[in-house]
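What follows is the residue order along each chain.
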Amino acid sequence: MSKKKAKNAGWNLLVNIPIMFLSLSCIYPVVWLIYSSLKTDQEFAVNPMSLPLHPMFSNYVEAFKKAHFGTFLFNTAYNSIVSLILVLFISFIMGYLLSRYRFKGRGIIFGLLLASMMIPIYALIVPIFIQEKKLGILNTRVSLIPVYVMMELPTSVFLIDGYLKGLSTELEDAAAIDGANLWQAMWKVIFPICKPIISTVVILTFMHVWNEFAFAQVLISKEELKTIQIGLTYFTSQYMKSYTLLLSGLAMATFPVLVIYLFFYNQIMHGMMAGAVKG
Amino acid sequence: MNTREIRTKKQKIFIYILVLIPFIAFVSVMIGPLANSVYYSLTKWKGVGLPKFIGFANYIKLFKTADFWLVVGNTLYLTLVCTLGQVGIALVICFLMTIRRLRFKTFHRAVIFFPVVMAPIVVGYVWRFIYNGDNGLLNAFLRATGQSRLMKNWLGDPSIVLRSVSVPVIWQYIGLYMVIMLSAVAAIPEEIFESAELDGCTGFKKSIYITLPMIWDSFKICIILCASGTMKIYDHLVALTNGGPGRSSESMAMYCYEYTFRYGNFGMGAAIAVAILVFAFAIAGTLQFVMTRRKIYE
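Going down the list, the sequences are from chains A and B.
When we follow this note's numbering, the leftmost residue of the first sequence carries the number 1, and every step to the right adds one.
When we follow this note's numbering, the leftmost residue of the second sequence carries the number 1, and every step to the right adds one.
Think about it this way: if two alpha-carbon atoms lie no more than 25 Å apart in a straight line, the pair counts; the simulated BS3-like pairs of lysine-lysine are: (1) A:Lys5 - B:Lys206; (2) B:Lys9 - A:Lys188; (3) B:Lys206 - B:Lys220; (4) A:Lys134 - B:Lys52; (5) A:Lys104 - B:Lys9.
So the derived list for chain B, only partly shown, Cβ under 7 Å to chain A, looks like this: (6) Thr3; (7) Leu18; (8) Ser37; (9) Arg103; (10) Ile112; (11) Phe114; (12) Ala140.
Over 10 Å on every C-beta distance to chain B, these chain A residues come out as not near it, computed from the model: (13) Phe64; (14) Val82; (15) Gly107.
To be clear, the hints were calculated from the coordinates, so they are not data collected in a lab.
On a predicted model such as this, the values are computed, not experimentally measured, just so you know.
Backbone N, C-alpha and C define an ideal beta-carbon position, used for all residues, glycine too.
Model the full structure from these sequences, guided by the hints.
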């Protein structure tokens, strides 16, 4: 009996320990990032793993002062918010109409949206750069917005379409009888009910745009329009001497995502799964 | 199906306008450049003036360049290693999640998924700290545990750098594929597991003969997503090594960037972009074909 118990315990450990190890490896870097950003460079050089003796925020202050971090943060927030408003507006219209109505060309539109999810987006960087150069919108506030919006559109449309498929048309029909036109039924009746899927779309878009790097690197070269992800590469060239300053930058780039993850865990999971399965 | 009828002509026009405007915008931002890309790849163009049509000269020159095949090799190596690593580890975790012995399942799921939402650039820099030769966390850990002889210059040694950079990429995305496959596992009717267990099919056998066939479609999607995703790897490498030392960790996407923006050779850059596209589609298509034919159930 005790032998069996011991064997059982052995199995338990064998199953639990590797996964626990992986899990811890997934949070430790984030925790390490946050506490290390509160250290001085000397402290960091002595022991990169130790906790800060006297936590201090001067790295953050310096990041804002020296490295224009405020500007970078503002630009990233601006891109994220404008893109997500547009994505929401456009994808809801398209998702709704494509889901509810059958018209000529619907199949083609749907098919192309689906197929475009397979395009490796990086193959588009050069031609988009050329196109924007021709149009004269390189290095402006609108350089990145169209790319981000169109990048996020297919997934968002599919999420909304999928959600509406499971929603009966009764409410719109009733609204139509009361004299509401299509536009009104769409925004005043259906939009509010779609809250769960809307929040998924918003969060996914926000996170993708917040984290995007390659297009921001290519389409923007003006200092005052750069995003936070580009700002980070700056730190390594200009301020490579100060590791802790870079750490505070990395931490700042991660905070918003971390907070959103903690609050909207379920929507994020849902969106990631739906997006992947549809793709 | 929850659909509605189009009642009036006015409504029809309204719908068309609302769908077509964003769709045309989509085509011109996403599909248009793709066609342009193919055209530019057939021209000699420095980014200014008029592109000069030169046929397949860019491709011929590209295929004769040793560096191109080096970065293709790097990219394919990373694609293979990262796909096996990410989806493989995710699958094992997925199996373990069906075992009652495993504790704290919700915690594991939430935590292992977190790196997915981090910016690749941030992940790259964090791992650069881990790998740092002088005072990196990994070497510090090895020194502290008395394994000094395992210490390496993880990102500076051309012979191991590709292996080193694949670890953060694998680490970041295990969670994504885990979650996708777990959602497929959750859809398996409980009775199937129960009757399998009654027949003595437990543990490892259960995973291979019941769980895997039941989630085969999701597994396939994960493999394809992961392979085509890793083909375009860029951000991580920029932050980790910037392609170095030499070109030993450079990917196709970085090579494309270099040609276009550092050398100003737009025609060649476009040709490399088209090559990435062709490789990615070829790999996705092959995988789709192979994995559909080898269906192990039904």
